[in-house]
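*Asks:* Chains A and B are the protein sequences, given in the same order. Here this note's numbering is used: the first residue of the first sequence is -12, the next is one more, and so on. Here this note's numbering is used: the first residue of the second sequence is -12, the next is one more, and so on.
Don't take each hint at face value.
Treat identical chains as interchangeable: a pair holds within one or across any two.
In the EDC-like style, the derived pairs of lysine to aspartate or glutamate whose C-alpha atoms are separated by at most 20 Å in a straight line are [as the list claims (entries may be wrong)]:
| no. | residue 1 | residue 2 |
| --- | --- | --- |
| 1 | LYS177 | GLU118 |
| 2 | LYS21 | GLU50 |
| 3 | LYS177 | GLU125 |
| 4 | LYS6 | ASP29 |
| 5 | LYS184 | GLU16 |
| 6 | LYS184 | GLU144 |
If you're looking for bench data, these hints aren't it; they were derived computationally from the structure. Small disclaimer: the values here were computed from a predicted structure and weren't measured.
For reference, the chains in residue letters:
2 protein chains.
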Amino acid sequence: MEAMTDTQGAEPTGRSARKHQDILAAATEVFLQKGYLGASMDEIAARAAVSKQTVYKHFADKEALFNAIVLGTIDRVTVGIDQAPTRHDPDPADLETRLRAQARALIASIMQPDVLQVRRLIIAEAARFPELGTTWYETGFQRGLASLASFLGDLAEQDSLTIDDPAVAANHLAGLVLWVPVNRAMFCGKHDCFTKKELNDFADGGVDTFLAAYGVKAGGRQRR
Amino acid sequence: MEAMTDTQGAEPTGRSARKHQDILAAATEVFLQKGYLGASMDEIAARAAVSKQTVYKHFADKEALFNAIVLGTIDRVTVGIDQAPTRHDPDPADLETRLRAQARALIASIMQPDVLQVRRLIIAEAARFPELGTTWYETGFQRGLASLASFLGDLAEQDSLTIDDPAVAANHLAGLVLWVPVNRAMFCGKHDCFTKKELNDFADGGVDTFLAAYGVKAGGRQRR
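So here's chain A without its partners, still in its complex pose (with noise of 0.2 Å):
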């Protein structure tokens, strides 16, 4: 956190953060219009009306200020999954409102505006950076597997779902919920294509179908 120590020794940190947040949108912006390549550190201190010293100050590079941007959003949807309501709720009893409930935390924190910005950014720039790309993959897009994995895996020990292989559930429900909606803001360059009841709708019709295929009152699982 060094590059964030204000040199000066002046600048209240509340303004630094500010600052630095707004580096970081504006660069989001130029990096999606102009490409990593084209984008400079120029235009990005002009859209986020500081200086290019200041830039500097919080990013040494270009390439340090687009791994912010990944890594910061990576966390973001992360906590988001995490913290769904009701997913730390001891009692079984309503399964249905504890899965939809974590289905609508997880199509919720994919479909912010800025999250399908960054994703954007890395699929265009994935060919030229793999590195960032495999670290998205793995420290966003597989912790947040992993992370519905573990939540499915509770739900099974507790009889309230019948899992084979937790991870296989967590890709099926991920799946379900948000292949339609996650492709279409892709394609059509929209990220605020949905209403909240759209994507309310999307998490629960995918939940729907994961309870009848993985849910106990269905009649468990018929594995071939």
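With chain A held as given, fit chain B onto it using these hints.
*Replies:* Then chain B, alone, in the frame of chain A:
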């Protein structure tokens, strides 16, 4: 198709068609490496080992070339989905075999390296070319889902599956099968990161869960 006509009237159609494909392949690579804005017709011509005049003989401008790449890819993917083995088999006896063949055709179509490249390109450029991304979504992504829905609707009519809404069931089958492999390919920047067996395993695992939820034998669908 006027732009494809050989104005010199000497070149054989086969050679012209081959050049057409070479230009499309070269342009896809250059667009991915440089982004649409950074790509030049000069570089595309050099990569395709043809003259710039030849490029313009086949494609009026850079945008026409980009459009041709996208639309050509849509055709290939949807043909792959529509022509799955056993899809048009009138005998519903082996439901699981038919669903697996369809799911394997779906994943094989989308996970072709050059299809993944075009998918990445559209996502990268969607903010700049929302019309093109929307065309891909509507005539590619949704057409694929509609084709799946038609197949699933037929199976429901044969009493092999319990499906209220074939469109929702198609979304769910696609998500179950594709969520993890497509995202891994998109983020990691590698287009050949799975073996055929691994892809078939994603297809089969998705079909198992789909059948557990929607299969008549599995007790039918327990809608709440």
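*Asks:* Now look at each hint and say whether the structure bears it out.
*Replies:* Checked hints:
{"no.": "1", "hint": "LYS177 x GLU118", "in the structure": "between (27 Å within a copy, 11 Å between copies)"}
{"no.": "2", "hint": "LYS21 x GLU50", "in the structure": "both (15 Å within a copy, 17 Å between copies)"}
{"no.": "3", "hint": "LYS177 x GLU125", "in the structure": "between (26 Å within a copy, 14 Å between copies)"}
{"no.": "4", "hint": "LYS6 x ASP29", "in the structure": "within (15 Å within a copy, 41 Å between copies)"}
{"no.": "5", "hint": "LYS184 x GLU16", "in the structure": "neither (27 Å within a copy, 40 Å between copies)"}
{"no.": "6", "hint": "LYS184 x GLU144", "in the structure": "neither (32 Å within a copy, 31 Å between copies)"}
Checked against the numbered hints above, the structure breaks hints 5, 6 and satisfies the rest.
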